[in-house]
Amino acid sequence: MRQRGFAAPAPPPPMDSQRAAAVRAIAERHAGSRGPLLPILHAVVEELGHVAEEDVATIADVLNLSRADVHGVVTFYHDFRRTPPVAHRVELCRAEACQAVGAQAVFDAVTQRYAGDEDVEIGQVFCFGNCALGPSGTIDGRLRGRLTAELVDAELEASR
Amino acid sequence: MTACVDDREHEPAVIRMGNDIARHLEYLPPETAADQIAAHIERFWEPRMSEELLVHADRNDTTMHPLLLAAARRLRPPPA
Amino acid sequence: MTEQTASILIEPDYGTPRVEGEPTAHVTIDGLEIDVAPGTSVMRAAKEAGVDIPKLCATDRLDAFGSCRMCLVEVDGVRGTPASCTTPCTDGMVVHTDSDDVKALRRNVMEMYLSDHPADCAGCARGDCEIQDLAHRVGAAEVRYGLDGANHLHDATDATNPYFAYDPSACIVCSRCVRACNEIQGTFALTVEGRGFDSRITPGGTDFMSSECVSCGACVQACPTSSLTEKSVIELGMPSRTVITTCAYCGVGCSFKAEVQGSGDATRVVRMVPWKDGAANEGHSCVKGRFAYGYASHRDRQLHPMVRDTIDDPWQVVSWEEAITRIATGFRAIQDTYGVGSIGGIASSRCTDEEVYVVQKMVRAAFNNNNIDTCARVCHSPTGYGLNQTFGTSAGTQDFASVDHTDVMLLIGANPTDAHPVFASRMKRRLRAGARIIVADPRRIDLVRSPHVEASHHLPVRPGTNVAFINAMAHTIVTEGLHDEAFLRDRCEDVEAYLSFIARPENSPEETEAETGVPAADLREAARLYAAGPNSAIYYGLGVTEHSQGSTMVMGLANLAMLTGNIGREGVGVNPLRGQNNVQGSCDMGSFPHEFPGYRHVGIDEVRGIYESLWGVTIPAQPGLRIPNMFDSAVAGSFRGLFVHGEDIVQSDPNTQHVEAALRAMDLVVVHDLFLNETSRFATVFLPGTSFLEKDGTFINAERRINRVRPIMPSKVGKDEWQVVCEIATAMGYPMSYANAAEIMDEIAATTPTFAGVSFARLDAEGSMQWPVNDAAPHGTPTMHVEHFVRGRGRLMPTVYVPTTEATTRRFPLVLTTGRILTQYNVGAQTRRTDNSRWHPADVLEIHPSDAELRGIHTGDIVELSSRVGTTSLPALVSDRMPPGVVYTTFHHPITGANVVTTENSDWATNCPEYKVTAVQVRVANAEAARAHQEADAVTLGSGS
Chain A
1 MRQRGFAAPA PPPPMDSQRA AAVRAIAERH AGSRGPLLPI LHAVVEELGH VAEEDVATIA
61 DVLNLSRADV HGVVTFYHDF RRTPPVAHRV ELCRAEACQA VGAQAVFDAV TQRYAGDEDV
121 EIGQVFCFGN CALGPSGTID GRLRGRLTAE LVDAELEASR
Chain B
161 MTACVDDREH EPAVIRMGND IARHLEYLPP ETAADQIAAH IERFWEPRMS EELLVHADRN
221 DTTMHPLLLA AARRLRPPPA
Chain C
241 MTEQTASILI EPDYGTPRVE GEPTAHVTID GLEIDVAPGT SVMRAAKEAG VDIPKLCATD
301 RLDAFGSCRM CLVEVDGVRG TPASCTTPCT DGMVVHTDSD DVKALRRNVM EMYLSDHPAD
361 CAGCARGDCE IQDLAHRVGA AEVRYGLDGA NHLHDATDAT NPYFAYDPSA CIVCSRCVRA
421 CNEIQGTFAL TVEGRGFDSR ITPGGTDFMS SECVSCGACV QACPTSSLTE KSVIELGMPS
481 RTVITTCAYC GVGCSFKAEV QGSGDATRVV RMVPWKDGAA NEGHSCVKGR FAYGYASHRD
541 RQLHPMVRDT IDDPWQVVSW EEAITRIATG FRAIQDTYGV GSIGGIASSR CTDEEVYVVQ
601 KMVRAAFNNN NIDTCARVCH SPTGYGLNQT FGTSAGTQDF ASVDHTDVML LIGANPTDAH
661 PVFASRMKRR LRAGARIIVA DPRRIDLVRS PHVEASHHLP VRPGTNVAFI NAMAHTIVTE
721 GLHDEAFLRD RCEDVEAYLS FIARPENSPE ETEAETGVPA ADLREAARLY AAGPNSAIYY
781 GLGVTEHSQG STMVMGLANL AMLTGNIGRE GVGVNPLRGQ NNVQGSCDMG SFPHEFPGYR
841 HVGIDEVRGI YESLWGVTIP AQPGLRIPNM FDSAVAGSFR GLFVHGEDIV QSDPNTQHVE
901 AALRAMDLVV VHDLFLNETS RFATVFLPGT SFLEKDGTFI NAERRINRVR PIMPSKVGKD
961 EWQVVCEIAT AMGYPMSYAN AAEIMDEIAA TTPTFAGVSF ARLDAEGSMQ WPVNDAAPHG
1021 TPTMHVEHFV RGRGRLMPTV YVPTTEATTR RFPLVLTTGR ILTQYNVGAQ TRRTDNSRWH
1081 PADVLEIHPS DAELRGIHTG DIVELSSRVG TTSLPALVSD RMPPGVVYTT FHHPITGANV
1141 VTTENSDWAT NCPEYKVTAV QVRVANAEAA RAHQEADAVT LGSGS
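Residue numbers (this note's numbering), protein chains in the order written: chain A, 1 to 160; chain B, 161 to 240; chain C, 241 to 1185.
Don't take every hint at face value.
Claimed, not checked - One-sided excerpt, in silico: chain C residues whose CB lies under 7 angstroms from chain B: (1) M478; (2) G838; (3) Y839; (4) T858; (5) I859; (6) Q862; (7) P863; (8) D872; (9) V1042.
Simulated from the structure, these hints should not be mistaken for lab results.
Don't be surprised by glycine CBs; every beta carbon is placed ideally from N, CA and C.
Please build the complete structure, drawing on both the sequences and the hints.
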């Protein structure tokens, strides 16, 4: 706790010092390169699963940015997830080409079907570059075209 | 000689302050140092403070730094 | 120049910052022709030509951003409609700001803003929201999107900061607040989170109070809607009138627009807004000047004179006449018994020059002695001595703007982000632009490393070893041949003696390393960096002066600047960061026992003659008593009466027991102040004073800048302070009176050569001026010692390191050093009576983890801090900002009693107390002491705002 003339209103949440050390190591690994913040955030998500609240302060400290600076970047990109990953992630394209072939309906159906399912997360992407085979999406990282809600179900079954 | 640190709050203020000036001008040749200490006291000290110091000097007070004593002599020669 | 307006002063906003250069770009805007410097934005050129292009995200204090899309224009030969804020002028450009297409576009953009703006926007209702103004201007009568689409109208307000609220429902994400926090303040506490429609401004994902925000108010000032608004405006409504005045906190001396309602006794401050044309602050402020003015109307404010027979009796309210008579007869009686020199006065470093001048005049003309001193004694008196010896002047050499030309800063014994925040923001801006900084400080202060700023070197000089350190720096420069021989030859004297002294091996970085704790290799690199410049500037504070070798160290800094030729132009110099709002002025006004106004010794017959003939009295040619001497003499029985003006010596001076013993020994202590402070516990006469909101006069800041203080309301106590002092003198038999404060300044100007050209009228015309102001420099003097030093040649003084007698021992193995914090100010008399106490409700003892572990101390524990003169207790904070062996605290709260432990040690030349080095021991307080501390703490906090 640094005293900047500001008394902390409540004690901060206990820091997982092992995680903090891991994040610091990742940050220091990239700190010397140009534009290190994005590579660091990618690496944190890749190696530790998500960007936790306390990671922001660690990364800010290594790069000598403010916490607000890092927070702004983290929240700008959906891929820098803030919550630990769940078992399965489905990402559906909602851009124009896929919309033209019914992507909205697929999205609505899938979202409704898995609402409340703790193991499945539905996200949105704007273009995989797979437009000729829309509606496109990824299921646990596997890109598929001509998706329907049923096909999404099948892919998820295959993953489990 | 300069009193040790524990005595500083008990020694007379004029002795403590005068000795401080002496120690900080000690690097000069003794005559120059004594001149400068005397000049400093004349320039910055209230007359009653100087007088109190001179009374100590008249008595050859051994707690006075030798350069301070020398400076005091320049402000008032020792009694015959 | 309007200093007092009958209405609100709205300064013109040109949209983008001024660009330097010759006006060689000829542009035509809506048929109007104007010449501007190339690179000036079209928006600014238009404004200068008289065309006001609508804007929301642009303001001339920030670089152009181009996000709001309101300022679109058409330019001949350019496709589309570029934003005028991000389009630079080129020679021959022809611009159309008001074609039908542009007007239609603006309406459309406005419609989008209105579709997500509260219909019941409080700011619009107040007339405080630019959305409403613009909507009228561009004529967006209907919102074709309707008002029921996706919007942010239900976003919750963040009112956690005591002074302002953030209402996201009115926010247009123009990001002016984010950019103000980045570019002006340099804290980077705000950001835009999310993207697209979900973009929202946030202080880093938390609320304002928990964030990195330092509450400077720049974002509130920048916000074009009412999303960020002062709570006082929400509560009181919009102001109706502006008075331009000067802040009464620190030595930066920010100029403010006091925006008020009402008039006369019913005047109420709605808010203090920094004045863009303020030369010291250029439109910026800190939490104290911006928001913490509430103390002036706090319930603790005393409004009536009071007397009592003994210090154990309760106070009785009396008339002014009775109080003044008691003072006059009391002081005279003491003099009759104990002699002329048995009474004296302490002038205030917080009051105006005119008030201080009158106090020292009272002492010299009515008391008939030179027993006048001021708080500069305990802070920058070594600056006075040291710079006088070396340069011939007792003040800094530059102005604040000089830092914009600095390449290397050497910051020593100062913590500007806490103590001079507005100047620190300027330093940070320059550092982000590529300048380097060397920080010499035992603690890892913010300027060592904080977002976007990193020092090239942090040299953790052990407290008490400054002179050894600066000698090693100079040694490096000289022995490596990095000194400026031409400068030394042409501009300095006593050069050879100094060079051979500094080259001695005992002054080398290697031989001083063990003493200073600064690794020799680091020191050498830092010295080389400073010598390389090309423009190197020294900024220093009380970590240099409040030492037993304070004066020697100041001379050491002057030597360093002379050695490298860093004097006499912009970007360089020796810059003392003066603490108080008018400590510079107080010194300038001769509130010294040995000097008249203008730093002229009382022994100089011609100078004394000026005052003797003007005042019609005889003035002693010998110096009077300094504050510490007054205390010593009081205890000895020869000094028995004291007039204390705007100072709380019991809380701020070292060795509290000694100060209290001295005051108890006196027969008459008079306190003239806003509140019943610690010193008033020993007084038998109390005179109520006026706050800066009621004063008419001048303050002088660390730049030697004379700034006007203008009254927002008449005196709440029936008299001006200078009037009261005149009446005391008159009652003592020396008639003294002035028609107004301006007359006092006229007398100062007539008798003090460095102020010869100064008057209220000149100051109103110029805004402010830096002394010397005379025929040679009728508009003032930003940079000093340009052609030659004030004393002719600069004098190089050998600075032999003499260790302080305050050595650590087994009994007291740690060193205590003290300092300040952003939100509280000095003894806290003002800031403790505002909401600033939410941030710093108590002084804490910062202690390094290894020292803490040894003693079983954890953050939050109440610890006992003891020295050879006293003991106190306070909460601990374990922090690795401290080096091992050094502990640190502040002195803002009387209950802390930090000065109970500081000693009688002082600077050899000026008696400036050695606050920065006290040998102490720290241990966990026993349960009883801890409980007592907590109880006393609760009582103090309870009596706060």
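Each hint tested on the structure:
1. M478: Given a least distance of 55 angstroms, the restraint on M478/C is violated.
2. G838: This interface hint is violated because 17 angstroms lies over the 7 angstroms limit.
3. Y839: violated, 13 angstroms
4. T858: violated, 15 angstroms
5. I859: violated, 14 angstroms
6. Q862: holds, 5 angstroms
7. P863: At about 6 angstroms, which falls below the 7 angstroms cut-off, the nearest Cβ of chain B leaves the hint on P863/C intact, so it holds.
8. D872: Check passed: Cβ of D872/C comes within 4 angstroms of chain B, closer than 7 angstroms.
9. V1042: holds, 5 angstroms
Hint check: violations occur at hints 1, 2, 3, 4, 5; the rest are consistent with the structure.
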